[in-house]
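*Asks:* If you want the building blocks of each chain, they are given just below.
There are 2 protein chains.
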Amino acid sequence: MKFSSRIEACGLSPMRKFAPLAAEAEQRGVHIYHLNIGQPDIATPKIYYQTLKKFSSPVLSYAPSNGLPEMLEAVQHYYAGFGVQLEQGDILIGNGGSEALQMLLACILENGDEIVIPEPFYPNYATMVKLTGAKVHPLTTSPEEGYRYADKARVEACINRRTRAIMITNPGNPTGAVLTPQELKLMLDVAKKHKLFLICDEVYREFTYNGEPLMSALQYEGYEDNVVVIDSVSKRFSACGARIGMLISRNRALMGHALKWCQTRLSSTMADQLASAALYSVGSEYFVAMRKLYRERRDTMLRKLREIPGVVCEEPKGAFYVMAALPVDDAEKFQHWLLTEFEDRGETLMFAFGAPFYATPGKGINEVRMAYVLDVPQLERAMDVLAKAIKQYNEQK
Amino acid sequence: MKFSSRIEACGLSPMRKFAPLAAEAEQRGVHIYHLNIGQPDIATPKIYYQTLKKFSSPVLSYAPSNGLPEMLEAVQHYYAGFGVQLEQGDILIGNGGSEALQMLLACILENGDEIVIPEPFYPNYATMVKLTGAKVHPLTTSPEEGYRYADKARVEACINRRTRAIMITNPGNPTGAVLTPQELKLMLDVAKKHKLFLICDEVYREFTYNGEPLMSALQYEGYEDNVVVIDSVSKRFSACGARIGMLISRNRALMGHALKWCQTRLSSTMADQLASAALYSVGSEYFVAMRKLYRERRDTMLRKLREIPGVVCEEPKGAFYVMAALPVDDAEKFQHWLLTEFEDRGETLMFAFGAPFYATPGKGINEVRMAYVLDVPQLERAMDVLAKAIKQYNEQK
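Protein chains in written order, with the numbering used here: chain P, 1 to 397; chain B, 1 to 397.
Derived by calculation from the structure, the hints in this document are not laboratory data. Just so we're clear, the structure is a prediction, and the values are computed from it rather than from any experiment. A couple of the hints might just be wrong.
Treat identical chains as interchangeable: a pair holds within one or across any two.
Pairs of lysine to any residue, SDA-like flavour, derived with a Cα cap of 20 Å [as the list claims (entries may be wrong)]:
id : residue 1 : residue 2
1  : 388       : 312
2  : 17        : 64
3  : 135       : 111
4  : 397       : 31
5  : 2         : 222
6  : 195       : 313
7  : 397       : 332
8  : 2         : 193
9  : 135       : 5
10 : 17        : 61
Just chain P, with the same shape it has in the complex:
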């Protein structure tokens, strides 16, 4: 039996590849600080469970393929809150932002096509792009420049006749970089000039820490055909397990094509759409409290990381990740060692190893992405464990 060359080209997720080794370590009684997955530890608003409790329907039928009206209305209302008027036809509900992205890429990419993505980027982007037969054209950024990429000449140098789109995450995963309104406008102008989609993954929209005026790409006029936004309830409401996300665009031709995908898989889940719609009723105080909490965590992780000799990292402005270069030969090997050979008082830690965050071969080998999704005391201890592990790993070699 033969497998597709596309799936052969894909690897397991760097966030999840070591899950079996982690399970073994936990069975040995080792406690693991999980900094590998962007899984918030914040309590999910109770309204989610209250809505599930009330849900009852004699027949659990398919939802409409484009999305449940309640969910579409909740998204409209949320966006109207910062001045973005959406029609229901501008929104498709997916099984998480992940499926929203899968359906989008199926509409715009195929063999030989290219998509420009600033690197480091969320590794699942690369897997999804590979599965279409297209490839990522990386726009390399560096921590020394604060991972900034909105430079006309640099972006245009990545564009060729096979380019179909530019994809950005704002605020950035894994970098935490936040585009200024001017930078976002520049990206929009480049996309429009070259007749490209500008795909903005805005799932971390509520997570900025320095008072940056974060703009959604949907707030700019005159780019209706270019802008595509990926959104999700996962991070915003600490509801990753709901698997409810959105594809949003005013490009009706695009949405017409994406609807074909939606119809092909019939619908998203009924219960989770209802309960996710209810999540949007939480007040803005929820986000204010969350930002304060994450800011403390970011500051803690950054301070502790900078105390470890040889670690290089930038202050993230948003999202909840730190990308850091560690003084080790290979972060993937180091992770393997952390799960199989190391422990400090019965504890170890996990991160996402860096190479899959880059499309450029050889980059990111000694880098890691760590999610600050634990409370401050746990983060402090995790960073102490990391410091000891780095020392021991380098000594035993």
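Could you slot chain B onto chain P? The hints should help.
*Replies:* Positioned in the frame of chain P, the structure of chain B alone reads:
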């Protein structure tokens, strides 16, 4: 902006294309008998809602990418009930059988590849195949032969060096054909001989009406590398809106590749996996009652259809669809007319028009698939409405 040639080649679902016109008709006060979608009207077992009610977790986290342990165990237990021993690594949970199929096809198909599918087939198969860049090689069947296709010479005539798999639905959608154990063995032997996957969509497993000894492809020994089963809770438990399905295979290389897809979209929904796992606790009396009910419906629809002059159809042995040739020029045009110009005492009906059930151009133009998912009085009335509509449609032309 340019779209992928693949998505351009896809159409809207024949089951859902007319949903907007249906909504308009309903707004005008017209009642529609929905025979277009395989959406059972049977009550969903209460245990689904009871499980949702009890579900509470401080943080709604991602489920494991391969599936929630509770769900995997429920599937293992169900299969063990008819002698199929599965390991958890043989099972991946998807967002419906639809996503299970999407991930499977991503693993085995790419540009230029072919997959053999007996036609008429479930139209979403073709859309999913097109999105991989591969194409359906149809194995044409006819109502005169009871839609049977398990003939070695006929199957082998469809296989060439680009063939990667044979895909069958058993019991058949839309044909209702049920493979005999000998026929299924023949299909397995052909697949094995030619080193192909045999993909068996068995979501209608519990729906057979004449006491046929229905076998799962997983019950045959010696085909472990070839057999892939698609399964789902949707039809079995009248739980279409849960969107929980399964990819099942003992081919570990395949499952390793499919896990990459699973990790890329992170996980399936937590609540619906828990509640779907609970559905498997219903006793066999549930299926016995359901079969009795659907058998009455099948017999009703068949009897009424055969009273309409010019209608040609075969008795379906399983699933809950009838494929019928109507005495009209074009079933798609007829459907449009039914929703925009026709009504009988304020009522009309919907079916799935036939052409998209075929890959061979020109076939199925005057055919329709009707799902017998309404109660007997409603089906009788719907068939009366159909008879009147056919007469009036042909008179006014």
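*Asks:* When no copy is specified for residue 2 and residue 222, does a C-alpha distance of 20 Å or less occur within a copy, between copies, both, or neither?
*Replies:* Cα proximity of residue 2 and residue 222: across copies only (19 Å, versus 47 Å in one copy).
*Asks:* Go through the copies and call it for residue 135 and residue 111: within, between, both or neither, with a Cα cutoff of 20 Å.
*Replies:* This pair counts as both: shortest intra-copy Cα distance 8 Å, inter-copy 15 Å.
*Asks:* 20 Å Cα cut-off: does residue 195 pair with residue 313 within a copy, between copies, both or neither?
*Replies:* neither (35 Å within a copy, 51 Å between copies)
*Asks:* At most 20 Å between CA atoms: does that hold for residue 17 and residue 61 within a copy, between copies, both, or neither?
*Replies:* between (35 Å within a copy, 18 Å between copies)
*Asks:* Could you figure out if residue 388 and residue 312 sit no more than 20 Å apart (CA to CA) within one copy, between two copies, both or neither?
*Replies:* within (17 Å within a copy, 77 Å between copies)
*Asks:* Give the relationship of residue 17 and residue 64 under a CA distance limit of 20 Å: within one copy only, between copies only, both, or neither.
*Replies:* between (35 Å within a copy, 12 Å between copies)
*Asks:* Can you give me the call for residue 397 and residue 332, within, between, both or neither, at a CA distance of at most 20 Å?
*Replies:* The answer is within: 15 Å in one copy meets 20 Å, while 71 Å across copies does not.
*Asks:* Should residue 135 paired with residue 5 be assigned to within, between, both, or neither, using CA atoms and 20 Å as the limit?
*Replies:* both (13 Å within a copy, 16 Å between copies)
*Asks:* With 20 Å as the alpha-carbon cut-off, assign the pair residue 2 and residue 193 to within, between, both or neither.
*Replies:* between (42 Å within a copy, 14 Å between copies)
*Asks:* Under a CA distance limit of 20 Å, which applies to residue 397 and residue 31: within one copy, between copies, both, or neither?
*Replies:* neither (24 Å within a copy, 76 Å between copies)
When held up to the earlier numbered hints, the structure conflicts with 4, 6 and fits the remainder.
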